[in-house]
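Asks: Using the sequences and the hints given, assemble the complete structure.
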Amino acid sequence: MNELDLLRDAVRALLTKRPEQAWERLCTEVGVAGLLIPARFGGAGAGMAEACVVLEELGRVLSPAPMLSTVIATQALLATGNEEACARLLPEIAVGACTPTLVWDDFVLPGDLFFVVSGGQLYAAQAVSTPLPTMDHTRPLIEVYVQQRGEVLGPFDADRMRDLACVALAAEQVGTAEQALAITVDYAKTRVQFGRPIGAFQALQHRMADLHVLVQTARSAYLAALDGDPLSAAVAKVTCSETLLKVAAEMIQIHGGIGITWEHDAHRYFKRAHGSAELFGHPRHHVTRLAGHVLG
Numbered sequence: 001m002n003e004l005d006l007l008r009d010a011v012r013a014l015l016t017k018r019p020e021q022a023w024e025r026l027c028t029e030v031g032v033a034g035l036l037i038p039a040r041f042g043g044a045g046a047g048m049a050e051a052c053v054v055l056e057e058l059g060r061v062l063s064p065a066p067m068l069s070t071v072i073a074t075q076a077l078l079a080t081g082n083e084e085a086c087a088r089l090l091p092e093i094a095v096g097a098c099t100p101t102l103v104w105d106d107f108v109l110p111g112d113l114f115f116v117v118s119g120g121q122l123y124a125a126q127a128v129s130t131p132l133p134t135m136d137h138t139r140p141l142i143e144v145y146v147q148q149r150g151e152v153l154g155p156f157d158a159d160r161m162r163d164l165a166c167v168a169l170a171a172e173q174v175g176t177a178e179q180a181l182a183i184t185v186d187y188a189k190t191r192v193q194f195g196r197p198i199g200a201f202q203a204l205q206h207r208m209a210d211l212h213v214l215v216q217t218a219r220s221a222y223l224a225a226l227d228g229d230p231l232s233a234a235v236a237k238v239t240c241s242e243t244l245l246k247v248a249a250e251m252i253q254i255h256g257g258i259g260i261t262w263e264h265d266a267h268r269y270f271k272r273a274h275g276s277a278e279l280f281g282h283p284r285h286h287v288t289r290l291a292g293h294v295l296g
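If you count the sequence shown from 1, position 81 lands on 81 in full-length UniProt numbering, and the numbers rise without skipping.
Hints may contain errors.
Claimed, not checked - Simulated restraints on C-beta separations: (1) A203 - E92: 17 to 23 Å; (2) E151 - T28: 25 to 31 Å; (3) Q147 - A209: 18 to 24 Å; (4) E29 - A249: 21 to 27 Å; (5) G119 - A203: 43 to 49 Å; (6) A209 - T28: 37 to 43 Å; (7) A209 - D157: 37 to 43 Å.
To be verified - Mimicking DSBU-like on lysine-lysine, the simulated pairs with C-alpha atoms at most 35 Å apart in a straight line are: (8) K246 - K271; (9) K189 - K271; (10) K189 - K17; (11) K246 - K189; (12) K17 - K271; (13) K17 - K246.
In short, the hints are calculated from the structure, not lab data. Glycine is no exception: its CB is placed at the ideal position from the N, C-alpha and C atoms.
Replies: Here it is as structure tokens:
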């Protein structure tokens with residue numbers, strides 16, 4: 001068992017009982033908020049591979065924990081090269097005392113420490129936020145009103161940050177898709193129709209086997225993008241978004257009538273799939289990016 005497996009087991013153990021309330025313990029006992037923060041600023045000095053393990057596990061349980069916003073915002077701050085600001089802000093982020101969020105898109109993830117993008121620069125800002133009504137209640141979003149733009153933290157590379165955000169989101173999507181498929185397979189083993197479990201029918205076996213291949217392909221896609229290559233990030237966003245959309249749709253189909261009830265979790269996975277596909281550029285946008293490189 002390697003270090004990534006140990007990290008995965010530790011995170012999963014804390015998420016098993018009450019995933020919606022696990023963030024504080026994940027920060028204090030595992031140090032997830034500081035994984036990507038260098039040791040000199042109070043973090044673990046780990047890499048994207050470790051952060052993506054945590055994101056996968058959070059995706060499995062549809063956790064609203066702010067890992068995604070923390071990863072993106074801390075990397076944006078580190079990329080400015082502003083050592084003084086990093087030394088002042090990152091230690092509190094590393095222990096989960098505050099939650100940073102990057103205000104740069106139509107969709108803003110929740111947080112209480114706001115980094116605002118304007119004119120190619122990253123600013124610390126005083127702002128107030130209000131919750132936005134969303135289709136996916138497991139993915140809270142906010143509307144931000146900037147009251148005062150504060151200090152300039154440094155330059156902001158929008159393209160690089162969007163690629164990093166896509167890879168982080170892709171890891172989360174893989175975790176969500178894998179768990180949705182696991183729930184579906186378990187249901188197919190126990191749901192009896194025509195005198196036998198529906199999982200015994202070859203047509204459904206083939207469908208679920210195809211979904212398994214899609215999930216593993218999606219995982220390979222995001223792992224291939226960990227080195228920061230822009231094209232690989234676009235491939236990861238497209239592949240992982242489309243995989244989760246497919247798995248969530250098949251989850252409802254294979255569950256039948258119970259899959260469209262409010263009491264079952266299938267609709268939550270379906271909503272997460274569609275909400276996540278819209279973040280950081282719809283798959284169509286990234287297909288266009290890829291087409292420009294391949295055909296241009």
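Asks: For every hint, state whether the structure bears it out.
Replies: A quick look at each hint next to the structure:
1. Checked against the given bound of 17 to 23 Å, the beta carbons of A203 and E92, roughly 54 Å apart, lie outside it.
2. Distance hint check: the CB atoms of E151 and T28 are about 29 Å apart, consistent with the given range 25 to 31 Å.
3. For the pair Q147 and A209, the supplied restraint of 18 to 24 Å is violated, since their beta-carbon distance comes to about 54 Å.
4. In this structure the hint that E29 and A249 lie 21 to 27 Å apart at CB is violated, the actual value being about 36 Å.
5. Distance hint check for G119 and A203: the Cβ-Cβ separation is about 56 Å, which falls outside the suggested range of 43 to 49 Å.
6. Taken as a hint, the range 37 to 43 Å holds for the pair A209 and T28, whose Cβ atoms sit roughly 41 Å apart.
7. Between A209 and D157 the beta carbon distance is about 41 Å. The supplied range of 37 to 43 Å therefore holds.
8. For the proposed pair K246 and K271, the alpha carbon gap of about 12 Å is at most 35 Å, so the pair holds.
9. Under the criterion of a C-alpha separation no larger than 35 Å, the hint pairing K189 with K271 is consistent with the structure, at around 25 Å.
10. For the suggested pair K189 and K17, the alpha carbons sit about 24 Å apart, so the restraint of at most 35 Å is met.
11. This hinted pair checks out: K246 and K189 have alpha carbons roughly 20 Å apart, not beyond 35 Å.
12. A C-alpha spacing of about 23 Å is found between K17 and K271, which places the hinted pair at or below 35 Å, so the restraint holds.
13. Between the alpha carbons of K17 and K246 the distance comes to roughly 28 Å, so the proposed pair stays at or under 35 Å and holds.
The structure is inconsistent with the numbered hints 1, 3, 4, 5, although it conforms to all the rest.
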